[in-house]
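Line by line, the protein sequences are chains A and B. First residue of the first sequence? That's 1 in this note's numbering, and the numbers climb one at a time after it. First residue of the second sequence? That's 1 in this note's numbering, and the numbers climb one at a time after it.
These are calculated hints, taken from the structure and not from any lab test. Just so you know, not all the hints are guaranteed correct.
[What the hints assert, rightly or not] One-sided excerpt, in silico: chain A residues whose CB lies under 10 Å from chain B:
| id | residue |
| --- | --- |
| 1 | Gln-265 |
| 2 | Pro-717 |
| 3 | Val-722 |
| 4 | Gly-725 |
Note that beta-carbon positions come from the ideal geometry of N, C-alpha and C, so glycine has one too.
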Amino acid sequence: MIETSGMMAVLHAAILAAPSSAKEAAAFVAPETGAWWIALIPLMPIVGTILATLCAIRGIKTKLPAFLTVGCLATSFLLTVAMFLNLGDAPTITTAWEWFTLTWGEGEGQTFTANFGFYVDSLTALWMLFVTGLATLIALYASEYMSHDVGTGYCRFFAAFNLFVFSMACLVMGDNLLLLFLGWEGVGLCSYLLIGYFYRKPAAVAAAKKAFIVNRIGDLGLVMGILLTFVHFGTIEYAEIFAKAAPYIELLQAGRISEIPAIAQLIPVLLMIGAFGKSAQLPLYIWLPDAMEGPTPVSALIHAATMVTAGVYLIARTYPLFLISDIALPIVGWVGALTALLAATIGMAQFDIKRIMAYSTVSQLGYMFCGLAVLTSAGAAFHVLTHAFFKATLFLACGAVMHGFAGQLDLRKLSGVRKMKGWGIVSIAMLVGCLNLAGFPFTSGYFSKDMILAEAYATPGTALIGWILLLTAGLTAYYTFRVYFRVFEGPVEYHPGDDLHDHDHADEHGSGEEQHHDVGEHGDHHHAGFHPHAPGWAINAVLATLAVCSIAAAGLYFVNKKEHGWVGSMVHDSSANYVGTAAFLDHAAHAGGVTGDAAHEGATHAHGTFLGYDPHKVMYYVSAVVGAIGIGIAFFLHLLGRKHAETARADKVLPALGPIPKWARNKWYVDELYNFLIVRPLWVISHIFHLIDKLFVDGLVNLFGLLPRFGGSAIRPSQSGVLHGYAIGMAGGVAILMLVVLVMVLR
Amino acid sequence: MNDLSSGMLTLAQSGFPEPMLQATLAHYLVVSLAMFAIGLIGFLTRRNLIVMFLCTELMFQAAGLALIAFGRYHMNYDGQTFVIFVLTIAAAEAALALALVVLLFRKKDSLDADAWSALKG
């Protein structure tokens, strides 16, 4: 901890030295009232949910719900584009309705307000652009991909899909932490519903529960963070939080970080636990690989492109709070770096191509967290954007393969797919995705990864994170191209999965799709009548669009180059901009609004170096070389001279590494460790409690139940049912009463 | 004491109706007690439902007699008023009870009270 504090001190030094200008200060003027139609952006997906539900009620057996969904989401996307085009200098707040306001006194902090309001600045616009855009494309893809399930399941899928987009919109656009939390839980719910879409399959149900429960742990941190925010700042609305955090940043700038109250420094630590859960970071990443049990479009949209970046969004949105904490950003950085490395090593040894992509997602999310930690929120956001496109491309290409080869996902059972008829677009899309992920020069992934890498070296005190990330970049290139060379190149060979759904009887096979199979579970049986079916127009069109977007995203790096590309300029005008934060302080200090401080103009970053060179310049070459080495090793081990799908040169080389590949294949036994440390003890404790409940608590309750029973059976004989018996009883009773009265009178 | 009460006192002791001279309250109560005891003993000893019912009526009237006697003794009409209501109710109840007895008789062809013990606990 001492060491990390040291690192933070240097980070703060970097913040102090950051240049600022009047333009940057403009980003932090008070929010204005936004246009009413902003509220339609989250509303359209809800309309889609209702329409899909109506389709389910009407028993519609066509692709209608898919096209209704695409329509609603496309409308939402167009509105988002309009929102982007209308972005002003100041953030805007559109209040759809006043959600609730609680007041219990007159003073400060005795009113709790949470409106259904939408906070729109460039960060919001950036996130919503790719969320709604990708959602539209992936819904189109899903219309074909899910076609074997047309009917109620199809409607259910699209209802949940729309609900997801709505929740994501609430998460990203909400103007307070409570609305963010609503969306946060909403996306968690939809994730659960969609992972468990094939609810007859035990593995899918288990994965859905795992995702939900692991996320609860993170959510607890988030809830406590929100509560603490309210306790400390007396509000949960972003605009007010930022205003009230300003004095702390002033202290930070004055170098008096020790004067910032510890409670304020604790808030980001709690918030980040939520972020780690949702974005699958180190202690809580285990749910994401299992989440691949869901249908592939879900994996692509929720578990690669959008939902898992919510953690990054949360940190970016509340960046000022993270800056004022001594420990928050160093923790984020180390967790991100270690997650990136760990997930990459696991990904290298898996055989299920979707799982490899899942681990790669975990790893890349680690990159984004590192980006935030090394003060390049622009790099992190850029990586979120490029990753969203290329990882969606990769997943959808994997999904197309899976769809075509009856659920086959084992890279040892497929080979040379590129050379088969009708698979051209899929293969090209896959190649584009792989190049991006591997950080091949001049792809978008290359630029976004470089921004983070270079900044990790340039920011003093984080060079070790930089080295870990650089190593991870090499591993990433290797495992990415391992998949590509095994599945898409080499000799043509395929063994279909055992998921041969007959399209004429689609409904019967509704939940049989996408079986995962561990290696060795079934032999080399060829299905005599099997022909892989190449993807249709919807899948191809979406893949082509996404591949083009993945490439085109690289261009954004060169737009507005001075501010680290287009994304950089977007982040620049939002709460995620630390330089702007500093400028805001100047703004506040001068109280006039005219900053124009020439004093800061000349200031430069306190610069770290990469082996004595300027990392911003040299990193382009270094990361290209590292990526190329990774790709080269993959080429040598998995493609060169490979005759069969089953074996490659890697099988001869790997034993030299001892048990390490086996450990990596078994995910470093993290699941087993958690099972041993957490699940088993809880299981034992719960059974002990169950016994206590059964024996002690229930026994006591039953005892009290027995008392009236025994009493009743004791006096029951008095009810003889004979009329004279009652008469004698009454007469005798009266006689006794009279006797008593008599005695009392005589005495 | 208001005018009405004093007026009633005068009327009651004026010889119309006859004031209580020879027959004191105790006499009436003894008669009432005897009637009640006869009714009670009859109710406890007889098995015939109709006779048992008549015995209850006897006990009723014994109570009514005692009420009237007390009313007369205290020189007010509360006791008499009360008895008029009791009689009305008793008449209604007699109609019901006799109907019940007829129904019970139809079920078992017997008027024996011991034939019925369905509410045994």
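The hints, checked one at a time:
For A:Gln-265, the suggested interface contact is broken, since its CB lies about 74 Å from the closest CB of chain B, more than 10 Å. Hint status for A:Pro-717 relative to chain B: holds, with the closest Cβ pair at about 7 Å, below 10 Å. With 10 Å as the threshold, the beta carbon of A:Val-722 comes within range of chain B, its nearest partner Cβ sitting at about 5 Å, so the hint holds. A least Cβ separation of about 9 Å between A:Gly-725 and chain B falls short of the 10 Å threshold, and the interface hint therefore holds.
In terms of the numbered hints stated before, the structure departs from hint 1 and from no other.
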